[in-house]
Amino acid sequence: MPEAYKDKRFITDYYSAGMTVIKILRAPVQRGTITSVYIPNLPEGTGVIQYKDIPAEKEISVFENKIPLLCDGNIRYEGEPILLLYGKDERELQILESEIKIEYETDYTILSLENYSQEQINKELNFSRGNIDKAIDKAETILEQQFTTSRQNNYDIDPQGAAAFYSKKKFEIVCATQWPFNVRDNIAECLDIPKKQISVNVPSMGKNHGGKLWYAAIIACYTAIVTSITKKPSICLIPKTDAILFTPGRAASIINHKTALDNEGKILSREIEILFNSGAYPILTDEILNRICFSAAGVYSTQILRITVKSIKTNAPPCGSLTGMGFYQSFFAGEMHCNSLAEAAEIGPLEWRLQNLATKQINLPFGWESKRPMQLKTLLTTVADKSDFRRKYSSYKLTAKKQNNLYGKKRGIGLALCCQGNGFTGKVEQNGRYSVSVRLEMDGSLIIYTSAIPDNMHTAELWCNLAGNILEIDSENVRIETADTELVPDSGPSLYSRNITVITQLIERCCNAIKKSRFRRPLPIEIKRTYRTPATTGWEPESFNCKPFSTISWGAVAVETETDPITLMTDIRGIWFAADCGKIINEETAKAEVENEIYRSVMNSMVKPPVFSYLKQNIPLTPVKSSIFFPVDIEFIKSRETKPGGIGELPDSLIPAALSEAISMALNTEIKNLPSNPKSLFRQIEHRKKVEAENNED
Amino acid sequence: MKIDFILNRKDVKVDCPPEKRLIDVIREDFKLMMTKNSCYRGECGSCIVQIEGAPVPACQVPIFSIRNKQILTIEGFSGTEKYLDIITAFKEANCMPCPFCFAGKVFSVDSLIDGRRSPSTTEIMSLLSEHPCECTPTSRFIEGVKIAYQNREIRGELLK
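Protein sequences appear in the order of chains W and P. The first sequence lines up with residues -7 to 690 when you count with my numbering. The second sequence lines up with residues 457 to 616 when you count with my numbering.
Everything labelled a hint here was simulated from the structure, so no lab data went into it. Among the clues, some could well be false.
Stretches of chain P that chain W covers, calculated by requiring three or more beta carbons in the stretch to come under 8 Å of a beta carbon on chain W [claimed, not checked]: (1) 484 to 495; (2) 508 to 516; (3) 519 to 528; (4) 574 to 581.
Here's a subset of chain W near chain P, in silico, CB distances under 10 Å, partners left out [to be verified]: (5) ALA180; (6) MET197; (7) THR373; (8) GLU580; (9) ALA584; (10) GLU589.
From the three backbone atoms N, C-alpha and C, an ideal C-beta is built for every residue, glycine too.
Input sequences plus hints: build the corresponding full structure.
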């Protein structure tokens, strides 16, 4: 096996006999109050920790939001951790668990977004520009539509958990996390000890999409609490079912669009209202609101605009950081609405998009002015030409309308266009002061110190190659040190393509600085660089002013499908993807990343919605993967942006809309919710038939 | 309960509860950590080992059922010619699986290419659908499996 693999230890590899094992007891009701807790006499070496037993801070912090480590007596979602049980092995804990009696008084629950009350609004963002009423008066066509997206679970394949070790008055925490410094800071608060007494090591991890961002800190705090009591090593491994159900997934949403068009089909005004289900404890709310607001109106020239975004609290498990957060929901609704607008204006979807595209960045809904011209038209025409969109669209449209029978599979083709903001919105990056340091050793080897966790092996390879190229060192002599918070600087959370944009830039700056001084200063040379957002950045969501992100990537996609009208099962015939994402450091690596994400997005768009119930154990433990191969064509157009940009989130924003549009066309029905699985398609077709029947009666 | 079996071509003995899972025995009693544990439901494919030459998820096998059987983990398989057929192909196609799903994917591919004909794209996709880890790009993995088959065919292994 590859030599490097022998040293790769995942969090489950840290378990050894003699460690204290921690089990989480979770609430079996969706909302209620704990009325009594009966704990039997516990054997030596075992114990129970409740909310009141947490030594100091009882909540973890994630930027401006907080979430309790254990239930404070009021249950807010099914599966909320109530108490921790620890002992020497899993089997013993299972017996003890059956002897613990917890009584509850249940309360009414709110899971859906419909009919929300004012008390449920956790945060709201409003933006308005221009006179909507005037535009409506002038309009030739007004179209109102509602779209919905379901919650999506996080299916990270590698295990989630943490281990704590204590020696010489110091805690060593091993935690599968995308944000080691957040883990350290929260443990320090929870135990009320100085940060320097804690070091956080990150084990090997698989590809993560946000499930180990802040949730890992909760698990790490559990192990730290138990070890602080027992002074023995402890480990808390999250069972796969719990990891899928309770690590933050993608928020469900309801999105309302109202657009006014002139007689040529051009946009006069847009009104957009987005409600998203933040679950019982809203986390990363500001970031989500900003992202949704930023992406709500897409990339089309819109001067008169009103956007309302509301974060709604419900009794669902907390949602948050899954890849493409906010963008996924916004672009699905926005692009699907564009198709309906094209239909209403009696123009093809490609032509409508070309007509309404923002040609300059200042014309974008978010009004960001950049010197570099956008290439949205090139992106669209690239995927349209490659997929033979015009011919296929006309042909399939005609076929779908003519064929009112169930014979043969129905084909469709859809388009989508979107952008991806790289890194966090301005304020987070400004406040964070995140750094990377690079050290050139006396033996000529190079070490990159960063707490950013490479999201895959390709990112690590990319950093090594980049540093190696700048300093003319063999990339095999470049090592990335992410292991320990005592050794590495705080590089911030590893999410939203930050690794490719922010961290890559910092590594490049460090290496360039070393290059300048390597023959003037004795070795070793260590250079540290801190990220500073450009002076022009500083997003003001209320006024839609300034740049929210350091760079933006742009993408377009065409998806061709074939749907069986009886089973409603869909096969993909081909996907054509084009992106303008700044400097591409390694095209092969970038293409591999995009291909992976396209396959994942296709499955996410078509799999069944998640199961909420904690007691319902028969949920699939792995994502449903396609056993059908489909061709994927990927092209990166020559970018005018000199910095590297992210690409991993583009498929998540593009595929759902293009895929749903293709299926819509094939089945001659309007798809307005995700996922587009057979059950959901059946419901929508039935609904359409019912509406048509009612209209005919009238 | 004492159970004898053959692990990586060596006679071994283990004393543990009969219902203990093979994956836990391999990892805890024999410290063979390259076989990973994850879902404990036979769905994720990360704990696959060979039992009497067939790929089996070790989390679904109680230890009492393997008395006197031959178990091969990735540690025992690495270095063999069959293993090298696969690894050289993965390197050539640039689709090396990550450490977490490595053992599972290698054993599944080994089983697929051990037939008498070249595996079809549909068969490879079917294999890939049982390994949900997203570390390998689909098109490259398909290419890798086909090269692995060719490697084995060239070596004459399939004619034996």
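How the hints compare with the structure:
Taking a C-beta to C-beta cut-off of 8 Å, the stretch 484 to 495 of chain P contributes 7 residues in contact with chain W, enough for the three needed, and the coverage statement holds. Counting residues of the stretch 508 to 516 of chain P whose CB lies closer than 8 Å to any CB of chain W gives 0, so the stated coverage by that chain is violated, three being the minimum. Residues of the stretch 519 to 528 of chain P with a Cβ under 8 Å from some Cβ of chain W number 0, which does not satisfy the need for three, so the listed coverage is violated. Coverage of the stretch 574 to 581 of chain P by chain W holds [criterion: at least 3 residues with CB-CB distance below 8 Å; count 4].
This hint is violated: ALA180 (chain W) has a C-beta 30 Å from the nearest C-beta of chain P, more than the 10 Å allowed. Given the 10 Å rule on beta carbons, the hint for MET197 (chain W) holds: about 9 Å separates it from the nearest Cβ of chain P. Below 10 Å, beta-carbon pairs count as interface contacts, and THR373 (chain W) has none with chain P, the closest being about 25 Å; its hint is therefore violated. The interface hint given for GLU580 (chain W) is met, as the beta carbon of that residue sits about 7 Å from the closest beta carbon of chain P, less than 10 Å.
The closest approach between the C-beta of ALA584 (chain W) and any C-beta of chain P is roughly 4 Å, which is under the 10 Å cut-off, so the hint is satisfied. The interface hint given for GLU589 (chain W) is met, as the beta carbon of that residue sits about 8 Å from the closest beta carbon of chain P, less than 10 Å.
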